[in-house]
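Whole structure, please, built from the sequences with the hints as guidance.
The chain contents come next:
Protein chains: 2
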Amino acid sequence: MNLDRYRNIVRETERKYINVNPIQRGGVLTPEARKALLEFGDGYSVCDFCEGLLHEIEKPPIRQFHEDLAEFLGMDVVRITAGARYAKEAVMSALCEEGDVVVADSLAHYTTFVAAEKAGATVREVPNTGHPEYKVKVDEYARVIDEVEDERGDPPALALLTHVDSEYGNLADAEKFVKICRKKGVPALLNCAYTMGRMDLSNLSPKPDFMVGSGHKGMAACAPCGVLAMREEWEEEVLRGSSLRGDVSGREWPHKEVEMLGCTVMGAPIVTMMASFPHVVERVKRWKEEVRKTRWFVKEMERIEGVRQLGERPKRHDLVKFETPGFHEVAEDHPRRGYFLYEELKKRGVIGIQPGQTETIKASVYGLTDEQVEHVVRAFHEIAEEYGLEVS
Amino acid sequence: MNLDRYRNIVRETERKYINVNPIQRGGVLTPEARKALLEFGDGYSVCDFCEGLLHEIEKPPIRQFHEDLAEFLGMDVVRITAGARYAKEAVMSALCEEGDVVVADSLAHYTTFVAAEKAGATVREVPNTGHPEYKVKVDEYARVIDEVEDERGDPPALALLTHVDSEYGNLADAEKFVKICRKKGVPALLNCAYTMGRMDLSNLSPKPDFMVGSGHKGMAACAPCGVLAMREEWEEEVLRGSSLRGDVSGREWPHKEVEMLGCTVMGAPIVTMMASFPHVVERVKRWKEEVRKTRWFVKEMERIEGVRQLGERPKRHDLVKFETPGFHEVAEDHPRRGYFLYEELKKRGVIGIQPGQTETIKASVYGLTDEQVEHVVRAFHEIAEEYGLEVS
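For the record, the sequence lines run as chains Y and A. Residue numbering for the first sequence follows the working numbering, beginning at 7 and increasing consecutively. Residue numbering for the second sequence follows the working numbering, beginning at 7 and increasing consecutively.
Heads up, the list lumps identical chains together, so a pair's fine if it works in one copy or across two of them.
The calculated DMTMM-like cross-link candidates involving lysine to aspartate or glutamate, where the alpha carbons are at most 20 Å apart (straight line), are:
id, residue 1, residue 2
1, K41, E20
2, K294, E318
3, K353, E391
4, K22, D376
5, K65, E349
6, K262, E242
7, K190, D179
8, K22, E349
9, K143, D253
10, K65, E18
11, K141, D179
12, K22, E45
13, K41, D10
No lab work stands behind these hints: they were computed from the structure.
Written as structure tokens, this is what we have:
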């Protein structure tokens with residue numbers, strides 16, 4: 007076993023390059039989080055003054071954070087999970103029986119499917135408008151819910167909408183979704199992995215039953231952590247305490263929440279999420295500015311021959327997918343094939359697009375300065391021109 | 007919302023005090039891990055060069071780490087989970103049907119119960135010898151397994167042994183346990199939360215089917231992370247890929263492992279576990295030294311009037327529980343009641359015993375220098391003498 011490979015694990019990317027990977031932009035730590043990380047890096051660091059339940063720890067202020075985070079989201083109760091996927095799985099595990107159906111949008115992240123599968127459920131999708139906008143037809147939740155109920159005699163156990171999807175960055179109509187679900191009597195889960203920590207979610211009306219988010223994707227926190235927020239009426243079911251009792255020992259743990267497996271996220275992730283929280287509360291107020299920046303980025307990218315932004319127009323989120331047929335043609339004749347674009351960008355100090363990929367690319371300029379976005383655009387323009395693609 | 011409380015989250019405990027909390031000693035980061043933490047603190051930091059599966063990432067060397075960790079444990083396949091509890095839950099979720107039985111020792115951690123409950127199973131306990139040694143009667147796994155089979159017609163879905171329990175720090179006979187399970191045809195899971203990263207587990211014979219450990223409890227890593235190791239024959243069942251397919255989108259994810267919810271631990275925890283790995287591989291070789299130190303600690307503590315070490319004698323693990331009736335009597339008349347002991351220790355630079363608790367106390371001197379252990383002992387002796395307890 008060659009242990010030397012573990013002796014100096016470094017990451018040069020964030021120091022040397024501008025990273026436009028959409029899954030990474032919202033999880034860049036704040037300086038405050040970096041400091042907290044050094045304080046609370048050790049395993050069970052936050053448990054110094056624990057009296058039995060992680061979410062009730064007063065120092066550091068974890069109990070208070072749960073309250074403030076619920077207020078920030080306009081929800082009643084919050085738990086920190088090991089990621090958005092664990093939050094979805096907890097809800098599905100609590101609400102679904104074997105063979106139940108979850109209705110979800112056809113842009114839903116793969117973790118919606120694996121979480122449902124783990125909980126013994128299947129998924130029925132709600133269509134989208136297809137190329138080029140791929141907008142989820144939120145109205146059709148009503149039809150799909152009815153179909154499931156007609157076929158099975160029971161309504162779906164849960165309906166889920168991906169607030170902003172990870173493929174096109176479309177912002178779906180959450181309020182319409184919740185209205186439909188409420189009318190049909192189906193619990194509504196809004197997957198906010200790409201919106202929580204970017205946008206102000208506190209004014210949704212009506213509120214979803216569950217709101218799920220990601221700390222490492224959207225709240226400037228270490229992985230792995232996520233948020234499960236819910237309306238009060240679900241607390242008893244989804245956060246039920248353990249009911250097993252040791253037949254020999256007589257032990258029981260009624261305060262340990264089964265779907266959370268007792269305590270969840272102990273150290274670095276929850277502390278960085280807390281340390282970044284004041285910044286996150288502030289940054290959601292500047293969301294319009296991010297959208298403006300994204301639209302400028304799209305406009306400049308579309309000056310390149312053949313480049314077209316996919317998904318809804320105009321953009322209402324920073325995650326952008328482009329068709330890039332010009333770059334794809336270049337790749338076909340390039341000795342480095344599809345890798346040429348990644349490598350040319352890297353030479354110019356830009357990383358984060360999928361290596362090898364030129365047919366379409368995904369990028370985000372979230373949190374970058376205007377100067378950095380200009381640098382990214384200049385890099386793309388230069389590469390286009392170098393390879394004979396027109397920049398209008 | 008008063009956000010100021012999140013602006014300077016500090017932890018003085020590790021800088022100013024010697025911490026003897028048993029859940030924390032094995033999770034103290036190495037200097038190498040602290041450095042890696044700064045490199046990889048950002049959310050999805052390890053995903054810079056991901057091609058779709060976390061455990062196959064080459065840079066940082068996550069794929070290789072999975073191989074090396076399996077070798078270190080003497081097992082075939084390894085996955086990193088969000089903690090030992092998630093590893094147990096993954097196995098139970100894969101192996102248990104609703105109403106199934108898991109047979110576990112009567113010292114099993116509460117997370118064994120909540121994981122079973124989440125998976126729809128119940129737990130039947132194997133007795134221990136009771137006060138004062140509380141040794142699990144490993145022989146009796148055979149009887150309990152037979153009883154479950156007689157009652158239900160089916161054998162238990164899983165048997166679990168806590169290698170070292172969190173209450174008394176007893177080291178259970180893992181090999182005898184596995185032999186019984188193999189003979190009975192029941193899969194055997196060894197919960198190594200308190201042994202993995204402390205002791206060399208590579209030579210167990212026969213091997214358990216599953217071995218579960220904790221990164222933040224035993225491998226000098228950030229929370230939350232754990233290890234699920236298994237014999238090859240279980241890979242197909244426990245790490246099965248997703249089989250759902252989007253009925254509208256046609257999407258499917260056969261390579262995403264359902265029980266892992268796809269990818270698991272992305273950033274700080276896995277990177278710190280890797281960065282600490284060379285140190286961990288080294289430190290398990292010095293385990294005898296830790297046991298020697300613990301036995302000296304016990305001997306010195308038992309010089310205090312009334313103090314008696316609970317659990318097996320002599321100690322074979324650093325987690326120690328003491329009966330401390332003398333301190334308990336002092337507490338009854340002390341204005342600070344049970345908190346006096348915690349506060350007197352803190353005055354002397356020692357923390358980590360449960361505040362308010364004087365009837366029994368738990369402590370560990372794992373990883374402390376001899377001088378530090380002497381300091382801890384001196385603190386206890388001084389407090390004893392100050393309150394009129396004899397130190398022989």
